[in-house]
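These protein sequence lines are chains A and B, in that order. With the numbering used here as the guide, the letters of the first sequence map in order to residues 1 to 458. With the numbering used here as the guide, the letters of the second sequence map in order to residues 1 to 458.
There could be a bad hint or two in this list.
Where chains are identical, the list cannot tell them apart; a pair therefore holds if satisfied intra-copy or between any two copies.
[As the list claims (entries may be wrong)] Cross-link-like lysine-lysine pairs, in silico, BS3-like; alpha carbons within 30 angstroms at most:
id	residue 1	residue 2
1	LYS283	LYS422
2	LYS77	LYS57
3	LYS283	LYS453
4	LYS358	LYS85
5	LYS422	LYS271
6	LYS425	LYS453
7	LYS47	LYS224
8	LYS422	LYS20
9	LYS57	LYS47
10	LYS271	LYS178
11	LYS348	LYS453
12	LYS165	LYS46
13	LYS283	LYS178
14	LYS109	LYS46
15	LYS46	LYS224
16	LYS109	LYS186
No lab work stands behind these hints, which were simulated from the structure alone. Here the structure is a predicted model, which is why all the values come from computation and not from measurement.
Next come the chains, spelled out residue by residue.
Protein chains: 2
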Amino acid sequence: MQERFELVQNALDSMLEGKKYATLRDILITMNPADIAMLFSSTEEKKIPLLFRLLPKELAAETFVEMEPEEQELLIKTFSDSELKEIVDELYVDDAAALVEEMPANVVKRILRQADPEMRSSINQILRYPDNSAGSIMTTEYVSLRPAMTVEESILRIRRQGVDKETIYTCYVTEGRKLVGIVTVKDLLLAQDDEMRVADMMETNLISVTTHTDQEEVARMFSKYDFLALPVVDMENRMVGIVTVDDAIDVLQDEATEDMEMMGGILPSEKTYIRSRPWELFKNRIPWLLLLMVSATFTGMIITSFEDALAAQVALTAFIPMLMGTGGNSGSQSSVTVIRALSLDELKLSDLPRVVWKEIRTAVMCGLALAVVCYLKIWLVDGLLLGNAAITPAINLVVCLALFATVLTAKIIGAVLPMLAKALKLDPAVMASPFITSIVDAVSLLVYFLFAKLLLPL
Amino acid sequence: MQERFELVQNALDSMLEGKKYATLRDILITMNPADIAMLFSSTEEKKIPLLFRLLPKELAAETFVEMEPEEQELLIKTFSDSELKEIVDELYVDDAAALVEEMPANVVKRILRQADPEMRSSINQILRYPDNSAGSIMTTEYVSLRPAMTVEESILRIRRQGVDKETIYTCYVTEGRKLVGIVTVKDLLLAQDDEMRVADMMETNLISVTTHTDQEEVARMFSKYDFLALPVVDMENRMVGIVTVDDAIDVLQDEATEDMEMMGGILPSEKTYIRSRPWELFKNRIPWLLLLMVSATFTGMIITSFEDALAAQVALTAFIPMLMGTGGNSGSQSSVTVIRALSLDELKLSDLPRVVWKEIRTAVMCGLALAVVCYLKIWLVDGLLLGNAAITPAINLVVCLALFATVLTAKIIGAVLPMLAKALKLDPAVMASPFITSIVDAVSLLVYFLFAKLLLPL
């Protein structure tokens, strides 16, 4: 795949050099829009407009949609008004709305001037909905039918209207603008009787979302119900648009990326890694780093206040990284599992007691196993093998007891905090590894020194 | 949503108590299969067969597919042979194959005995493909057309064949079993001339996968190209099946979950969190915990070997957690970003130099900002506010220099290791936070003590 792509790219470059535009066009028209856009993005910027003009109208518009905002802006600047109109006319309304949202004000003005009045009003309607809502990702172009239509009339209507619609396979049955049912093209084609009425065959147990439903919930419904499209209605159950499965996939991918970024202590960004400048990466990464660094003041203070104990038993210091590390890992295991289960809707808030009980039992097993292995390791490796006489059985015991207690607290904290965040209507992913590690660090040190005070002659 | 679900559940429970089966059935048939399955899974086990038998045949089969393996097994055990046959006959081939894969041997035998010969051979074919390959998730039921057919003939064929097919919207044009083109129902319905031949309207620039393509790559192609279905061919380009978009969504979700689990230091599991017993959670979590705990021996050894330095300047100990924590967070930020970019195909191996250069610049900015804030914080908080006289400007300088060096190394290691894993054909997600944190811990301690030896009177 990768190699084939580079071959095409090299061939294309040399044809561009040799001005073999006809051959170039013949190759491009055999390609998929997403691939052409990828090819453009690794081509010299000034050559893109030339290549783009080789594409036939429809393919040009499809490719345009797949391109990155920076390249779209660049292209629009080279377009004449009539060229721009040709592209805008070919766009689906949701793609046009997404474009308008990305472009700077002067470009937006040019785009809206070229759009026909109907599209202009649809774009404006979509842009009025809040970011990340169903309304903001829907398209207003869908096939609508009336309950009284027959199968034959419905198919005729689809044939007449379908060319401009993003999907024709699910048709929406409306009555006075209200959504009353859905009918699929499969139902219509497979109907035994052409005179059958839509009202008698439509599915009336409707699953729909409102314009303000969060896009993440919309996307999850696709993954749960295996839809190809989902109707969007307003507060009065009037049909306003549809979300299609391809947009739902993009949302699912974006939300997973966002969760991972938050788990890694990064502010989510809309830009891909390769397109982000170091300055932008810095801005997304520094807030959590600063916050967590400053919060480490507490671990520092704990150590300082037990300075005498450490001075008396220097060997204790050697196990601090191991304790904190294991605690952090135990906690992040639980938090990652719970965060993902929450975002896949597998966990409800009311499951909290079950989750805590499950984590306690898991933590006891993990803690016991780790403590036993740790005791043996310290005895054999640090004691016998490395011959470190400072590490007495008493110190070994303190380390292993602290380890057990740390794993137990870490797993409970790791599981409870994300659910708490959810209850407070925050994104559970905020309570991920970096945050939990900071808390667990402090807890593990406190536990460690308390056991040391209790069991060692300090 | 949540509350409505619980309302339905309570109503259902009380109707079950009162044996109001007719009402119960009337409610169930208005529900979506995925919702019914969810309802069943929170119902007492012994009541499930009773409820299941209330469902009409088609809805019963659709609900069955959505249920968890344990419940499916339980149900099958209560089925008579003829009941089992009714369900199996209604299943799509890919769902039947998935079922056979999950069930124990004796149940599998019963299922295969009830399947008709054609389905039995399709199931066996699908099960022969390696786990996680396109072959293992495809269905062998699709609509195939011949190049010489007219639009009218094609639509007739869809009407006759379509009822058993998972999707009819993309039709595959074959010639001597080889895939030569695709035609969508939209193309057929919107064709101006009913006598037009399929050969003249089909798309011949085909994107297909082979039976052995990894399911992750298949799913990524859906997200890139916005397909509803993707043809699967064998090594001789003969059409053997299709993967549909709903299965691709499941794969995308599962792969994201798997990446997150690996990032959290957990062995990936197929079971949801809520269905995993503590013993299973333990088995998935303990390997990494043990490995990382034992690898912390190195950090312990580093500290032990600098024991004299620590004894001379006890204040140094207080900053160990902050240094290691910030290093770990910096590294995991880079690794999470790179791992996700790799799994979304946004990064190629050949981008390595670009990635390293980007990370170096980002790390310098992060490191500088952190070092400056850290210097001020130690001076103001630990020095002036807390009046800790042991923390001299020299110690402060050592801490901040070590911090800068740690952030720089952590970010480079965090970005390079996942790409290295990819080059070695390993899953990049293995090189995630826990693993990188362990390496960075050791590095940060070494750097810290080296700066201390250089700059402090030890």
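Hint by hint, here is what the structure shows:
no.: 1; hint: LYS283 to LYS422; verdict: both (26 angstroms within a copy, 28 angstroms between copies)
no.: 2; hint: LYS77 to LYS57; verdict: within (18 angstroms within a copy, 59 angstroms between copies)
no.: 3; hint: LYS283 to LYS453; verdict: neither (43 angstroms within a copy, 34 angstroms between copies)
no.: 4; hint: LYS358 to LYS85; verdict: neither (60 angstroms within a copy, 39 angstroms between copies)
no.: 5; hint: LYS422 to LYS271; verdict: both (26 angstroms within a copy, 22 angstroms between copies)
no.: 6; hint: LYS425 to LYS453; verdict: neither (41 angstroms within a copy, 49 angstroms between copies)
no.: 7; hint: LYS47 to LYS224; verdict: between (44 angstroms within a copy, 24 angstroms between copies)
no.: 8; hint: LYS422 to LYS20; verdict: neither (59 angstroms within a copy, 37 angstroms between copies)
no.: 9; hint: LYS57 to LYS47; verdict: within (18 angstroms within a copy, 60 angstroms between copies)
no.: 10; hint: LYS271 to LYS178; verdict: neither (38 angstroms within a copy, 41 angstroms between copies)
no.: 11; hint: LYS348 to LYS453; verdict: neither (42 angstroms within a copy, 54 angstroms between copies)
no.: 12; hint: LYS165 to LYS46; verdict: neither (34 angstroms within a copy, 48 angstroms between copies)
no.: 13; hint: LYS283 to LYS178; verdict: neither (46 angstroms within a copy, 53 angstroms between copies)
no.: 14; hint: LYS109 to LYS46; verdict: within (24 angstroms within a copy, 65 angstroms between copies)
no.: 15; hint: LYS46 to LYS224; verdict: between (45 angstroms within a copy, 25 angstroms between copies)
no.: 16; hint: LYS109 to LYS186; verdict: neither (41 angstroms within a copy, 34 angstroms between copies)
The structure fails to meet hints 3, 4, 6, 8, 10, 11, 12, 13, 16 from the earlier list, while all remaining hints are met.
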